[in-house]
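There are 2 protein chains.
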Amino acid sequence: MANLPSDVLALGTRRNVMREIFEYGKLLAQKVGAENVFDYSLGNPSVAPPASVNQTIRDVLDGAEGDSIHAYTSAQGDLPNRELLSASLNRRFGENSTADDLYFTMGAAAALTCCFHALTCPGDEYVIPAPYFTEYQVFIAGAGGKVVESKPDPKTFQPDLVSFEAAFSPQTKGVVINSPNNPSGVVYSKETLAQLTDIMRQKAAEYGHPIYLISDEPYREIVFDGFSVPWLPAFYDNTLVCYSYSKSLSLPGERIGYVFVSPKMEDNRLIYAAVCGAGRKLGYVNAPALFQRVAALCDGQTADIAVYQENRNLLYSSLTQMGFTCVEPGGTFYLLIKSMEADSVAFCERAREFCLLLAPADSFSCPGYARIAFCVPTERIRASLPAFQKLADSYQS
Amino acid sequence: MANLPSDVLALGTRRNVMREIFEYGKLLAQKVGAENVFDYSLGNPSVAPPASVNQTIRDVLDGAEGDSIHAYTSAQGDLPNRELLSASLNRRFGENSTADDLYFTMGAAAALTCCFHALTCPGDEYVIPAPYFTEYQVFIAGAGGKVVESKPDPKTFQPDLVSFEAAFSPQTKGVVINSPNNPSGVVYSKETLAQLTDIMRQKAAEYGHPIYLISDEPYREIVFDGFSVPWLPAFYDNTLVCYSYSKSLSLPGERIGYVFVSPKMEDNRLIYAAVCGAGRKLGYVNAPALFQRVAALCDGQTADIAVYQENRNLLYSSLTQMGFTCVEPGGTFYLLIKSMEADSVAFCERAREFCLLLAPADSFSCPGYARIAFCVPTERIRASLPAFQKLADSYQS
Numbered sequence: 001m002a003n004l005p006s007d008v009l010a011l012g013t014r015r016n017v018m019r020e021i022f023e024y025g026k027l028l029a030q031k032v033g034a035e036n037v038f039d040y041s042l043g044n045p046s047v048a049p050p051a052s053v054n055q056t057i058r059d060v061l062d063g064a065e066g067d068s069i070h071a072y073t074s075a076q077g078d079l080p081n082r083e084l085l086s087a088s089l090n091r092r093f094g095e096n097s098t099a100d101d102l103y104f105t106m107g108a109a110a111a112l113t114c115c116f117h118a119l120t121c122p123g124d125e126y127v128i129p130a131p132y133f134t135e136y137q138v139f140i141a142g143a144g145g146k147v148v149e150s151k152p153d154p155k156t157f158q159p160d161l162v163s164f165e166a167a168f169s170p171q172t173k174g175v176v177i178n179s180p181n182n183p184s185g186v187v188y189s190k191e192t193l194a195q196l197t198d199i200m201r202q203k204a205a206e207y208g209h210p211i212y213l214i215s216d217e218p219y220r221e222i223v224f225d226g227f228s229v230p231w232l233p234a235f236y237d238n239t240l241v242c243y244s245y246s247k248s249l250s251l252p253g254e255r256i257g258y259v260f261v262s263p264k265m266e267d268n269r270l271i272y273a274a275v276c277g278a279g280r281k282l283g284y285v286n287a288p289a290l291f292q293r294v295a296a297l298c299d300g301q302t303a304d305i306a307v308y309q310e311n312r313n314l315l316y317s318s319l320t321q322m323g324f325t326c327v328e329p330g331g332t333f334y335l336l337i338k339s340m341e342a343d344s345v346a347f348c349e350r351a352r353e354f355c356l357l358l359a360p361a362d363s364f365s366c367p368g369y370a371r372i373a374f375c376v377p378t379e380r381i382r383a384s385l386p387a388f389q390k391l392a393d394s395y396q397s
Numbered sequence: 001m002a003n004l005p006s007d008v009l010a011l012g013t014r015r016n017v018m019r020e021i022f023e024y025g026k027l028l029a030q031k032v033g034a035e036n037v038f039d040y041s042l043g044n045p046s047v048a049p050p051a052s053v054n055q056t057i058r059d060v061l062d063g064a065e066g067d068s069i070h071a072y073t074s075a076q077g078d079l080p081n082r083e084l085l086s087a088s089l090n091r092r093f094g095e096n097s098t099a100d101d102l103y104f105t106m107g108a109a110a111a112l113t114c115c116f117h118a119l120t121c122p123g124d125e126y127v128i129p130a131p132y133f134t135e136y137q138v139f140i141a142g143a144g145g146k147v148v149e150s151k152p153d154p155k156t157f158q159p160d161l162v163s164f165e166a167a168f169s170p171q172t173k174g175v176v177i178n179s180p181n182n183p184s185g186v187v188y189s190k191e192t193l194a195q196l197t198d199i200m201r202q203k204a205a206e207y208g209h210p211i212y213l214i215s216d217e218p219y220r221e222i223v224f225d226g227f228s229v230p231w232l233p234a235f236y237d238n239t240l241v242c243y244s245y246s247k248s249l250s251l252p253g254e255r256i257g258y259v260f261v262s263p264k265m266e267d268n269r270l271i272y273a274a275v276c277g278a279g280r281k282l283g284y285v286n287a288p289a290l291f292q293r294v295a296a297l298c299d300g301q302t303a304d305i306a307v308y309q310e311n312r313n314l315l316y317s318s319l320t321q322m323g324f325t326c327v328e329p330g331g332t333f334y335l336l337i338k339s340m341e342a343d344s345v346a347f348c349e350r351a352r353e354f355c356l357l358l359a360p361a362d363s364f365s366c367p368g369y370a371r372i373a374f375c376v377p378t379e380r381i382r383a384s385l386p387a388f389q390k391l392a393d394s395y396q397s
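First to last, the sequence lines map onto chains A and B.
Take the first sequence: its position 115, counted from the start at 1, is 115 in the numbering used here, and no numbers get skipped.
Take the second sequence: its position 338, counted from the start at 1, is 338 in the numbering used here, and no numbers get skipped.
Bound conformation, chain A alone:
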């Protein structure tokens, strides 16, 4: 009998809630017809990549480097790609970076694992405001660290700063934030970020060691009218930005993103070297070469995110009219609705009776809520509104 490490075995066999709902939806579609199933379970971008993506691929293949584009790049990413990206960040965010502050990765998940493996010593803790993407727990545990959650504030889904401050200890190595946020869709405000980073500075001074801000930003560009996403390194020197092009360019399968190690970070060169060393340890030789070039050339562009805004408008106004409680999302393609009974799993099961597939937010450390991933065609949202109405009505009787 094989003696295997229990953590990876659990990860490989444990049922994934979102995936399970998705599979259930496929079965349901066979029974009642796909047109009658409203699947809001997965955060898979529904809009096509901008035309520039496939055009850039064709241009690169047709150009002088058509064959050599597939060669190894340096581990941190091809220098010309990092130079392009650095210039783009400097232009867009008033940053003062060089190519050597950037490390191309295979998407945000790889960016996060590289950061956690770069920073984590035994016993280290990371404070994370709920709600949050719970795969962070997998990555942090894999690096030997521990997650300490702070409580959600369901009135706004901005971090509850009292609970946040209480979550710190001398073992705190870093803080992970994700804004625009999965699963709430909320964009953390400048005021929130100013207070949050003030607390971090105080705690770092109190404990006498740095506390790192790891900012997971795959939704940075998916932000709606009237909202803006502050550039974190402007608020806090010891910031590592983990970025992915998965959502902004609708390229989640290609696994391309980066770590940005703020040039203002204490021991910037050491931290950058540790990130590179972590990538080497984990078997990330270099981020995919062709998509490094595509990302560098298309940085700052987006797929047609107007669709997400239209979806948000329709869904938020309709749901609140029906009596659902939710906080208006400022970005992403998610929103949380309050469960109409205490048990959000039971709430989501009742929603299934109306062919609405929602994800209980328990797995985002936000029990009592359900996540709606509205990255679907707008006509599907329109078609689903009667089902939401029936769901609401079922709690009136």
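Each hint should be verified, as a subset may be incorrect.
What the hints assert, rightly or not - Computed footprint of chain A on chain B; a stretch qualifies when at least three of its residues, placed anywhere within it, have a C-beta under 8 Å from a C-beta of chain A:
{"hint": "1", "region": "43-52"}
{"hint": "2", "region": "69-79"}
{"hint": "3", "region": "117-127"}
{"hint": "4", "region": "253-264"}
In case anyone wonders, no lab produced these hints; they're calculated from the structure.
No residue lacks a Cβ here, since even glycine has one placed at the ideal position from N, Cα and C.
Once you've looked at the hints, dock chain B against the given chain A.
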């Protein structure tokens, strides 16, 4: 001051011997002219990918799935891609696999880290016949395991089976082999593999637990007339094949490969789940989507490897005529030559005086030898022969 894990910091800052030689070569080229520098340091494929690679990319982009190709795939790889690949392996190797025995990865490095993290419990050891690619040490240490080397047999560079058998202990979790071999270019014979796997079976029976064979096969298709690469799962049931398209299709920058978990393996479903769980833990969401499709459609094809055979013929016959000692490579684009003095680092330094850049094989656990990576244009090899002659002559005087 940052408190960082020492292993990743060392990995991120430690000088890489091969990379250092490469950088030295660039400086030397400025002094004496690039045409006078013969850089044999890096294993970067020198021939272009087969035309089918870029054509397949264009076809996919122009086809019905042009936009949807960039979407998330399932974690183990898109099912149609795994079905294509499984059929190809069944056809080419008389295998009896299904799509569910295959897990697409980001090249062989990721395949190896996923296997090591899937299998390794604290205290586990892996036996590896020298010479070998020493990055295995990084991956195994990263998973919490330990490497136990067996000695090289410099007469043939087949594994020294006496030393191999002596390397086993009750802590042995697996064996890692790499044939065709980096750095020797040697292809392990059927006889070697039959004996080697017999030893593994005996030891597994003696210890009462499975011993896994991890076969790292990025050079499987780069094999010369008169040699063949046996299919390892036919020799040993508990085999995991780690494959990369980096060398066969000249795509090292794109990071695409796979783990094949033999369907005959004991607890096959459990091991496969652990590999998937390890990929999740390490942040490998899915292997790059577009290149999954390219690899599945081009499996079994190769870049123009005739060039490597021509290089091997020219280099091997010339060097042996000059009095160098080397074992004829049956594949890859590497060969080892015996150092003409005890210290192979000093030997490589003397070679530099003749503008020959060779890598001391000390870093492949094979001191006393130097590696020549002959993935360079054939005319460069021809041009370098007088320099090799001068190097040989310098040891006669």
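These are the hints, each one checked on the structure:
A count of 4 residues in the region 43-52 of chain B with a Cβ less than 8 Å from any Cβ of chain A is obtained; the coverage claim is therefore met, three being the minimum. Note: the region 69-79 of chain B has 5 residues with beta-carbon separation from chain A under 8 Å; the three-residue rule is met and the coverage holds. With 5 residues bearing a CB less than 8 Å from a CB of chain A, the region 117-127 of chain B meets the requirement of three and the coverage assertion stands. Residues of the region 253-264 of chain B with a Cβ under 8 Å from some Cβ of chain A number 3, which satisfies the need for three, so the listed coverage holds.
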